[in-house]
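**Q** Starting from the known structure of chain A, arrange chain B on it as the hints suggest.
Single-letter residue listing:
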Amino acid sequence: MHQAVSAVQLRSISKRFGAIHANREVTLSVTAGSIHGLVGENGAGKSTLMAILYGLVQADRGTIAIHGKTVAINNSRTAIALGIGMVHQHFLLIDSMSALDNVLLGAEPHWRLQRSRAIVLEQLKVLIQQTGLEVDLMRPVGELTVGARQRLEILKALLRGASVLILDEPTAVLTPSEAEQLFVTLRQLRARGTTILVITHKLKEVMALCDAVTVLRAGQVVFDGPIAQCSLDQLAQAMVGRRVQLQRPDVLRTTRKGSVSLAVRDLSWRDPQGTQRVSGVTFDLYAGEIVGIAGVAGNGQSELLALLSGMLKPQSGQVDFRGTIWNSARWLDPTTARRLGLAHVPEDRHRFGVVLPLPLWESALLGYQRSRRFATAWGWVRRRAARSAAQVMLERYDVRPAQLDLQTSTLSGGNQQKLILAREALAPEHVPEVLLVGQPTRGVDIGAIELIYDRLRAMRDGGTAVLLVSSELDEILALADRVLVMNQGVIVGELANEDCSEAALGRLMAGVSSRTQVGVEAAL
Amino acid sequence: MSRPVELPRWMELGLMPLINLALALAVCSAVLAVVGLPPQQVFTMLLKGAFGSAAGWSYTLFYATTFVFTGLAVAVAFHGGLFNVGGEGQAMIGGLGCALIALSVGEQLATDLAAIVVLPMMVVAAMLGGALWAAVPAVLLAWRGSHLVITTIMFNFVASSLLAGLLVGPLKAPGSMMVETVAFPLSARMPGMHQMLQRFGVDWPRTPLNLTLLIALAAAIAVGLYLTRSRLGYELRTVGFSSDAARYAGIQPDRHRVMSLLIAGALAGLVGINELAGAQHRLLLDFVLGAGFTGIAVSLIGRNHPLGIVLASILFGGLYQGGAELAFELPGFSRDMVTTLQGLIVLFSGAMAMVSAPLLGWILNRVGSRDG
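Protein sequence lines, in the order shown, are assigned to chains A and B. Taken in order, the first sequence gives residues 1 to 524; the numbers are from my numbering. Taken in order, the second sequence gives residues 1 to 372; the numbers are from my numbering.
Looking at chain A on its own, in the form it has when it is part of the complex:
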């Protein structure tokens, strides 16, 4: 194909895990000095392939050639020595150490720490100047923004001599502006001659960033070619094996507002450090509508969800839900909230939404374990009822594999999300009155996104009031009937969907001022 120099050439790579063919005869060639996208749904085999290239996993069959030379990569040390660097989706940094020390760690050039620091600092300064990867090197990593942490990971790889850089889902944790910035740097790196492999399932990014793209499906290459010769639709189709429809619905639904389901008045919350995260938030949520909360991550959206779901307690303000006024003296707790019909799909799926080591059916019980349908008055779990309810969830929401006793951690992100949504939507007592949804499709593949959107719309049509927090503007535009924009804990604007343009929203999101995302995680 590209007879020019291939920085990386994988030939007929096959890898099996038990009965699962993670990779089947995968052949992939990456031109030196290009940005190559590797796309596919979760579980398509992208990560396995890259783990093989990075030496974390050994292929059963096939060969790897780096810069035209066939090599055996048995561990990551070899991979690094060959000039392969990897930036994992979950950063491998130590929060309490400074950025500089994180780069130093494990690659100290001198036996004296101070001397090592000086050497590496010098090298880093040069590298930062060349690449534009700005990072405050003296700060503890814990205080850096997510974008800066990512830049640090890239610096780390480059300093260890990486000429081939693998990025695993690099934009999954970034805000749109941070992602934009990342793309600029990646293009700069390409100009310096670095070869970049990007694992992603965001096709728009592939179109905007990559020179060539390889699509994997079920462990096999289903599309391979330069980006100039393919369209977004083509890629999407190749990825899921059928046509997908994700754009804004052609006919916008005329909002048929029902009665007010949730009335929020003047809600405020300060974090334990005393920073005002949510201030004076007031809005009404009507039955049968989806209200999107847009905003740069870290402007109080996460806290708002946590407050409304009962996980945090506000210092002031009130909520009127199902005829009861809840205020700081008597606030909703998650159990009461669920019982009254307030369901919650949390933003951070792994941390809150499921219990990874538990079997699927027990994860499907989370939050509803006190429901009389699933537990007797004496406190015994009604296993049969819980299992059959879980079975229904798995079937109706197409969770795969649909095996009740499988460990939750073995599900892909998309399937975990479908399970959570199913659990909240099929709550045991009644259809949820209000559904709080945070980042419903973060790290979820296209096929699952389609289903999730579909189910959210169906719930709205069934009369549920949906509050949607998302950092993806596309998502908000695709789903929300009405959009509230948050900035610095305040709702700064409201737009009906038909009045929304990315530009108008962007102005609201950034107009007042923008803030980096620090402390959201600390607050929860």
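Because the hints were derived from the structure by calculation, they are not lab data. Even glycine gets a Cβ: it sits at the ideal position worked out from N, Cα and C. Watch out, some of these pointers could steer you wrong.
[What the hints assert, rightly or not] Pairwise CB distance ranges, derived in the manner of DEER restraints:
(1) Arg366(B) - Asp271(A): 50 to 60 Å
(2) Trp380(A) - Ala54(B): 33 to 43 Å
(3) Phe328(B) - Asp95(A): 56 to 66 Å
(4) Leu289(B) - Arg61(A): 49 to 59 Å
(5) His67(A) - Leu307(B): 17 to 27 Å
(6) His67(A) - Phe83(B): 45 to 55 Å
(7) Ile94(A) - Arg366(B): 37 to 47 Å
[Stated by the list, open to error] Just a sample of chain B residues kept apart from chain A, beta carbon distances all over 12 Å, derived:
(8) Trp10
(9) Ser29
(10) Gly36
(11) Phe43
(12) Thr44
(13) Pro120
(14) Leu132
(15) Gly169
(16) Leu197
(17) Arg199
(18) Trp204
(19) Gly233
(20) Gln280
(21) Leu344
(22) Leu359
**A** Quick look at chain B alone, frame taken from chain A:
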């Protein structure tokens, strides 16, 4: 790079423990050979001493009873994400509790029949004592975030000193040189297994094995039901895996942590029933004898599962009994050798439980790829 290998369940739960045990025995054989003892003879005698006779079995099960309690005490806390190393102290105070009942109420109702009243009271007192001793570290953990390992270890020492203070002072048997109480009245003695079996016409050697064995089995079943079948157990496990997910689900992690520690303490407290009401018939200083710590190993090897704990307890009880027999019969054999073997078993089945997994995975792959 070693990555977790997926193995079928029968391999992970059936084959691997056996391989681990074999490895431990192999290394121990080497140690024995170095010391100049014949490994084969040692193991044969160990096995015979522990399981070769009715009396051997009887002693083995007696020790196992104690280990079931302390093992469960570690496991229940473990499911809540807590490491309870205070089984030792909790057992001591449990013993104190049952002794206080024995020496007060028991003395009043000293007839044989009164046991029906006195023994249940002692059981409750033992559980309360153990729970009380676990309560302080538990509350400190919940309120102040104190490190449980530190507090429970310290409470072991406090319990030991407290017991010593009482046994040289107010509880000491008058006119005796021993650091122990007077003998419990007949109503405060747990019937021995030989007595019970005799009623059914079975001739059983006279050993310390007593009816507490049945309490231990019931406790294992109850803990199993609690953990896997009850809502509270489900909530506890959720807390143990992820306190964030627990809070999301409306579970208050601290409440469950405190409760699991109280249950753990109560279980450990029951050691007092087996050792004191069942065997010694008096309160003495060192009746726990490290069983609290053995419980950690038992729980580890039993994978924190009640059935596993019962089996591991029998294994450790057997080692204990077989080792005692060996020390008696084989000149030059010290009981430390048994401790060595225990240590090796813990090492191979606990800390290095997965060493054979990659090899097994490799074999499985080879076999699998030959098939398909």
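**Q** For every hint, state whether the structure bears it out.
**A** Hint check results:
With their beta carbons about 56 Å apart, Arg366(B) and Asp271(A) fall inside the hinted range of 50 to 60 Å. The supplied range of 33 to 43 Å is met by Trp380(A) and Ala54(B), whose beta-carbon atoms lie about 39 Å from each other. Under the hint 56 to 66 Å, the C-beta atoms of Phe328(B) and Asp95(A), about 57 Å apart, fit the expected range. The hint said 49 to 59 Å for the Cβ distance between Leu289(B) and Arg61(A), and at roughly 58 Å that hint holds.
In this structure, His67(A) and Leu307(B) break the distance hint of 17 to 27 Å, their C-beta atoms being roughly 57 Å apart. The given range of 45 to 55 Å is respected by His67(A) and Phe83(B), whose C-beta atoms sit roughly 50 Å from each other. Judged by the Cβ atoms, the range 37 to 47 Å given for Ile94(A) and Arg366(B) holds: they are separated by roughly 39 Å. Every C-beta of chain A lies more than 12 Å from that of Trp10(B), the closest at about 14 Å, which supports listing it as non-interface.
Every CB of chain A is more than 12 Å from the CB of Ser29(B) (nearest about 34 Å), matching its label as outside the interface. In this structure Gly36(B) is separated from chain A by more than 12 Å, as the shortest Cβ-Cβ distance comes to about 43 Å. Chain A leaves Phe43(B) outside its interface by the beta-carbon criterion, the shortest separation being 37 Å against a cut-off of 12 Å. With a closest Cβ-Cβ approach of about 41 Å to chain A, Thr44(B) is found to remain outside the 12 Å limit, as its non-interface label requires.
With a cut of 12 Å on Cβ distances, Pro120(B) stays outside the contact zone with chain A, its closest approach being about 23 Å. With a cut of 12 Å on Cβ distances, Leu132(B) stays outside the contact zone with chain A, its closest approach being about 24 Å. With a closest Cβ-Cβ approach of about 44 Å to chain A, Gly169(B) is found to remain outside the 12 Å limit, as its non-interface label requires. Consistency note on Leu197(B): stated as away from chain A, and its beta-carbon is indeed over 12 Å from all of that chain's, at 35 Å minimum.
With a minimum CB-CB distance of about 35 Å to chain A, Arg199(B) clears the 12 Å threshold, and the non-interface call stands. With a closest Cβ-Cβ approach of about 38 Å to chain A, Trp204(B) is found to remain outside the 12 Å limit, as its non-interface label requires. At roughly 8 Å from the closest C-beta of chain A, the C-beta of Gly233(B) falls inside 12 Å, breaking its exclusion from the interface. Consistency note on Gln280(B): stated as away from chain A, and its beta-carbon is indeed over 12 Å from all of that chain's, at 37 Å minimum.
For Leu344(B), the condition that its CB be more than 12 Å from all CB atoms of chain A holds, with the nearest at approximately 29 Å. Residue-level check passed: Leu359(B) sits 15 Å from the nearest beta carbon of chain A, beyond 12 Å.
Consistency note: the structure conflicts with the earlier hints numbered 5 and 19.
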